[in-house]
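> Residue numbers (numbering that gives the first Met the number 0), protein chains in the order written: chain A, 0 to 297; chain B, 0 to 241.
Hints were generated in silico from the structure; no laboratory data involved.
Heads up, the beta-carbon is just placed ideally off N, CA and C, and yes, glycines get one too.
Check each hint, because a few of them may be wrong.
[Said to hold, decoys possible] Cβ-Cβ distance ranges computed for the label pairs, FRET-style:
#1 A:Leu-274 x B:Glu-4: 52 to 62 Å
#2 A:Leu-4 x B:Gly-134: 37 to 47 Å
#3 B:Asn-35 x A:Leu-274: 33 to 43 Å
#4 A:Tyr-267 x B:Glu-63: 52 to 62 Å
#5 A:Val-192 x B:Asn-35: 35 to 45 Å
#6 A:Pro-278 x B:Pro-168: 38 to 48 Å
#7 B:Thr-135 x A:Arg-159: 19 to 29 Å
#8 B:Glu-63 x A:Ile-91: 28 to 38 Å
Okay, here's what each chain looks like letter by letter:
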Amino acid sequence: MVDFLQNIVDGVMVGSGYALLGLGFTLIFGVMRRLNLSYGPSVMVGIFVGTWFHLRGAGLLAVIAATLAGTVLANVYVDRLCFWAVRQRSAITAVVSSFVIWMQLEEAVILVFPDRTYPFPRLTALEPIELGPIFFRAEYVTMFACVALLLAGVWLLVYRTRFGLALRAVAQDPVAARYMGIPLDWIGLGVAVMAALIGGLAGLLIAGTDQLVIPKFGLWATYKGLIAMMLGGMGSIPGAVCGGLLLGVAEIQFVWYLGAQFRDLAAYFLLFTFLVLRPGGLLGQAIVRRELAAFRRI
Amino acid sequence: MLVIENIVTAYGKIEALRGVSMEAQEGRITCLLGPNGAGKTTLMYTVAGILHARRGSVRLQGQELVGKPSSEIVRRGLALVPENRLTFPEVSVRENLIAGAYLRLTRDKAGVAEDLERQLVRFPRLRERINQDAGTLSGGEQQMLAVARALMARPRILLMDEPSLGLAPLVVEEIFRTIHELNAEGVTVLLVEQNAHMALQIAHHFYLLEQGRITFSGVPGALQEDEVIHRAYLGGSGASSH
Numbered sequence: 000m001v002d003f004l005q006n007i008v009d010g011v012m013v014g015s016g017y018a019l020l021g022l023g024f025t026l027i028f029g030v031m032r033r034l035n036l037s038y039g040p041s042v043m044v045g046i047f048v049g050t051w052f053h054l055r056g057a058g059l060l061a062v063i064a065a066t067l068a069g070t071v072l073a074n075v076y077v078d079r080l081c082f083w084a085v086r087q088r089s090a091i092t093a094v095v096s097s098f099v100i101w102m103q104l105e106e107a108v109i110l111v112f113p114d115r116t117y118p119f120p121r122l123t124a125l126e127p128i129e130l131g132p133i134f135f136r137a138e139y140v141t142m143f144a145c146v147a148l149l150l151a152g153v154w155l156l157v158y159r160t161r162f163g164l165a166l167r168a169v170a171q172d173p174v175a176a177r178y179m180g181i182p183l184d185w186i187g188l189g190v191a192v193m194a195a196l197i198g199g200l201a202g203l204l205i206a207g208t209d210q211l212v213i214p215k216f217g218l219w220a221t222y223k224g225l226i227a228m229m230l231g232g233m234g235s236i237p238g239a240v241c242g243g244l245l246l247g248v249a250e251i252q253f254v255w256y257l258g259a260q261f262r263d264l265a266a267y268f269l270l271f272t273f274l275v276l277r278p279g280g281l282l283g284q285a286i287v288r289r290e291l292a293a294f295r296r297i
Numbered sequence: 000m001l002v003i004e005n006i007v008t009a010y011g012k013i014e015a016l017r018g019v020s021m022e023a024q025e026g027r028i029t030c031l032l033g034p035n036g037a038g039k040t041t042l043m044y045t046v047a048g049i050l051h052a053r054r055g056s057v058r059l060q061g062q063e064l065v066g067k068p069s070s071e072i073v074r075r076g077l078a079l080v081p082e083n084r085l086t087f088p089e090v091s092v093r094e095n096l097i098a099g100a101y102l103r104l105t106r107d108k109a110g111v112a113e114d115l116e117r118q119l120v121r122f123p124r125l126r127e128r129i130n131q132d133a134g135t136l137s138g139g140e141q142q143m144l145a146v147a148r149a150l151m152a153r154p155r156i157l158l159m160d161e162p163s164l165g166l167a168p169l170v171v172e173e174i175f176r177t178i179h180e181l182n183a184e185g186v187t188v189l190l191v192e193q194n195a196h197m198a199l200q201i202a203h204h205f206y207l208l209e210q211g212r213i214t215f216s217g218v219p220g221a222l223q224e225d226e227v228i229h230r231a232y233l234g235g236s237g238a239s240s241h
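Excised from the complex, chain A in its bound form (with noise of 0.2 Å):
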C-alpha cells in the first residue's frame, strides 16, 4: 500500500512536466486548431541554448533565461513558417509542415552539438522531504510547485484578461473574432509565445531532474505532451493537466509492479482505453466533441 501510494506521489510529481507540455500543446491546438508538431522541439532547442550558457560558465539565473528565450525564439520561428503563412489554408499542410521544421531543428541541433548527451545543471540542491512513510524528491516538489503557479497564472490570463477573451473567442469561432476587429495572427503569435514559455519552463524542470539533455529531447516531449493532451481531451486546459498527472501515475505504478520495459507501454495503454471507451477525452471541449458525435453519424 506505501509503494503504491509512493507510487502516486512520484508520479503527480514525473506528471506535472508532462502536464506542462500538454498544457502547450493543448493551447496551441485550442486555439488555432492546428497541431504544432514542433512544439516538443522547440522545447529541446531551447535547453540545448541553456546548456550551451551552461557550458561556458554562465550561473543559473542565465541558463533559466536562455531557456525560455531559445524556446520562444525557435517556437516564434516555427510558428512563423508553418502556421502564420498558412493561417487560413489547410490545417494539414501547416501540421507537416511542422513536422518539416522538427527535423529541421533537430539536425541544426545536432550540428552544433554532436555528442549523445550534455550536461545540465541542477535546479535545487535540496534534501528529500519525509513524510511519514512516503518521500519527497525535492527536484519534484519544485517542479510540482511551479506548475501549480503556472496554472493560476493561466488560468488568470485567459479568463481575467483581453488577451484571455480574445484566446477564447479565436478559439470558438475565429471567422466571429475577426468581425470584433480581434487580429487573429497577433493572437495566435500571441499563444505560440505563451505555449513556448510554459514548455521552456517544462523542459527547465525536466532537464533539471535528470541534469543531462540530449537531441532526441524534443521527441519525446512531443510524444508525452501529445498524450497528456489527448487523454485529457484536445483543446482543454484542465483536461491537459489531468491527462499528464494520469500519464505520470501510470507510467510509475507501470514501472514498479511490471519493470521498467513497461514504462512506454503504460502511454500506449492509456491512449487505446480512452480512444476505444472515451475519445473525446477526460474533459474534452464541448465544440471537439460535437465534431466527433457529427462525424460518427456520417
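Dock chain B against the given chain A, drawing on the hints supplied.
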C-alpha cells in the same frame, strides 16, 4: 455613407461577385435581397475584410476599405452581425458583449461599461442571462446577443446578414422591430435578407442580387412584391410570375 463599386470577389476561378455596385445611405435602412448562392454573404465578407476583393472599391465615408485588415475596418466604424449569429458558445453573455468592444477595451473601460448597460436596457432578456454561456440561449436570444455584440463596437454602419434565418415568425418580428428602432436612433443599416416580405416593410431602399450581379435597385413599391419575392427566393431576372 458606404459606397460599393464594381466589386469582384472570387473563390479560385469562380467569380462569386461579378462587379457589384451599391450604396447604403446615412441614416437609412438599405436592403439586399437575393436567392441562395447569389453572393450576399460573400459581399458581406468582402466588405468586412474577411475575404479579399479581386477588383473594385468599398468606401466608408470616403475612406477606402479594400485591402485593410478587418480590425482596421471595425475601427473605422463598420460592424457586422454575421449569418448564423456566430456567438461564442462557451463564453458568457457578458463576455460575448465585451468581446464586441475588443478594440477599445483597454483605453475606454468606462465607455464599454456604459455601452454594456445600454445593451442590457435594450435587450432585457440578455440581462436575465448575463452569466450564462451563449450556447445555452435560444436562437432568438442568440440573435439579440449577436446584434448587441455588434453594437458594442459603436458602429456608424451596421451590416446584418440574414438575421431572420431559422427563427420563429414571432421572433423574426421582434428582430425587425429592433432593426427599425435602431434605425430610428440614427444607426445606418445594411440588411441582407431572404425574407423579402419583412425586409420590404422596413427598407428605405433595396437591391436585388442575382448570380453575382445587382439586377434591380429601387424603393419598396417599385416592383410588385410578388416579383421581388419570386426573385429573392428563386433568382432569374424576368422570370416574373404572370
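> Indicate, hint by hint, whether the structure satisfies it.
Status of the hints after comparison with the structure:
{"no.": "1", "hint": "A:Leu-274 x B:Glu-4: 52 to 62 Å", "in the structure": "54 Å, holds"}
{"no.": "2", "hint": "A:Leu-4 x B:Gly-134: 37 to 47 Å", "in the structure": "41 Å, holds"}
{"no.": "3", "hint": "B:Asn-35 x A:Leu-274: 33 to 43 Å", "in the structure": "39 Å, holds"}
{"no.": "4", "hint": "A:Tyr-267 x B:Glu-63: 52 to 62 Å", "in the structure": "57 Å, holds"}
{"no.": "5", "hint": "A:Val-192 x B:Asn-35: 35 to 45 Å", "in the structure": "42 Å, holds"}
{"no.": "6", "hint": "A:Pro-278 x B:Pro-168: 38 to 48 Å", "in the structure": "40 Å, holds"}
{"no.": "7", "hint": "B:Thr-135 x A:Arg-159: 19 to 29 Å", "in the structure": "22 Å, holds"}
{"no.": "8", "hint": "B:Glu-63 x A:Ile-91: 28 to 38 Å", "in the structure": "36 Å, holds"}
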